[in-house]
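The residues making up each chain are set out below.
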Amino acid sequence: MSQPAPAPKSPHTGAFVFAGVIIALFFIGLMGLLYYGVQRSDQAGRDALPSPLIGKPAPDFDLPLLHEPGKRFALAELRGQPFVMNVWGSWCPECRVEHPVISKFALTKRVRFIGYNLKDPREDALRWLEQFGNPYLMVVADEEGRTAIDWGIYGAPETFLVDGKGIVRWKHVGAITDEIIAKELIPALEKAEAEK
Amino acid sequence: MKTLLLLAMLLLSPLARAQVSDPTPLQFRDTAQEERFHHLTAELRCVMCQNQSLADSNAQIAHDLRREVLDLMNQDKSDAEIKRFLVERYGEFVLYKPDVAGNTWLLWFGPALLLLAGAAIVFRIVRKRSAAAGTVANDDNQEW
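Just so you know, the sequences run in chain order A and B.
This note's numbering runs 331 ahead of the 1-based position in the first sequence.
This note's numbering runs 29 ahead of the 1-based position in the second sequence.
Wrong hints could be hidden among the right ones.
[As the list claims (entries may be wrong)] Derived coverage of chain B by chain A (criterion: at least 3 residues anywhere in the stretch with Cβ under 8 Å from a Cβ of chain A; other residues may be distant): (1) 90-96; (2) 112-118; (3) 133-144.
Think of the hints as simulated: they come from the structure by calculation, not from any bench.
Note that CB positions come from ideal geometry on N, CA and C, so glycine has one too.
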């Protein structure tokens with residue numbers, strides 16, 4: 332009985348091991364990416380774009396009021412105290428979802444809420460507010476959606492926080508929830524007020 | 030009854046579509062402008078449906094932004110100025126070809142770095158192997 336001779340070490344072994352390590356690393360990386368994607372998939376705002384306006388002066392506008400179309404409203408009139416601007420439209424199902432949340436918070440009078448009615452025929456917008464309630468201090472109407480481009484608005488709902496000096500402090504794309512108000516909006520508001 | 034229903038549907042269908050389709054198609058000054066417009070919007074990304082270009086997308090905001098781009102072109106703005114206009118409002122995201130900057134250099138040069146690393150590895154392996162093969166060839170006394 333002779334011992335089986337040890338297999339002769341191929342000169343390629345090193346290369347094979349190396350290739351194996353590379354492939355394994357690649358595979359692990361791919362799995363990591365997949366895991367990251369799955370983790371993120373339940374976040375409602377995963378496709379939301381970060382606004383380049385944060386920390387910059389809010390773009391001025393001069394828009395008609397929804398309830399008094401003859402009267403125009405300029406953003407500069409809101410200077411002095413922070414305000415929240417909520418973009419909505421009667422055509423937007425998510426706006427209906429967030430509306431009770433917005434209303435509940437707006438009615439605490441913690442901060443002024445301005446409604447920004449986007450691309451809505453006037454009658455539809457008025458009917459919508461009548462049906463679901465109007466928590467806004469005032470509503471400006473942007474039927475054409477031109478001014479919205481200056482604000483980087485690309486849909487509804489979107490919500491901005493602007494401080495007393497007219498600087499955009501915070502933006503949220505998508506429906507607002509109680510959690511977002513408590514964890515993001517109120518801290519941002521407190522910060523804006525503290526720095527005033 | 031059926032005909033009435035069909036008639037009603039036919040009459041109502043333009044109303045239903047009004048939300049989606051652009052009521053006023055874009056008017057170009059000439060074919061050169063139209064070509065420039067198509068070229069430019071193909072390089073811009075739709076902010077709503079994020080895997081489509083501004084040229085391809087049928088989202089409402091894409092209609093509005095296309096109209097805005099054409100307006101800016103009619104104001105004799107250059108392509109670079111139009112891009113800057115959109116970046117200031119919607120962020121770098123709208124550019125399919127972002128500028129070369131500190132936070133985008135990996136995006137631009139990452140693939141080249143990977144290629145170089147791969148080339149270096151292949152070079153090393155080939156050199157090692159040719160050295161080994163060289164000794165074998167000598168041993169075998171092969172003549173080719």
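Assertion that chain A covers the stretch 133-144 of chain B - criterion: three or more residues, beta-carbon distance below 8 Å: Since three or more residues must qualify, the claim that chain A covers the stretch 133-144 of chain B is violated, with 0 doing so at under 8 Å.
Residues of the stretch 112-118 of chain B with Cβ under 8 Å from chain A, three needed, outcome: holds (count 3)
Is the coverage entry for the stretch 90-96 of chain B by chain A consistent with the three-residue Cβ rule at 8 Å? Holds, because 3 residues of the stretch 90-96 of chain B bring their Cβ atoms closer than 8 Å to Cβ atoms of chain A.
When held up to the earlier numbered hints, the structure conflicts with hint 3 and nothing else.
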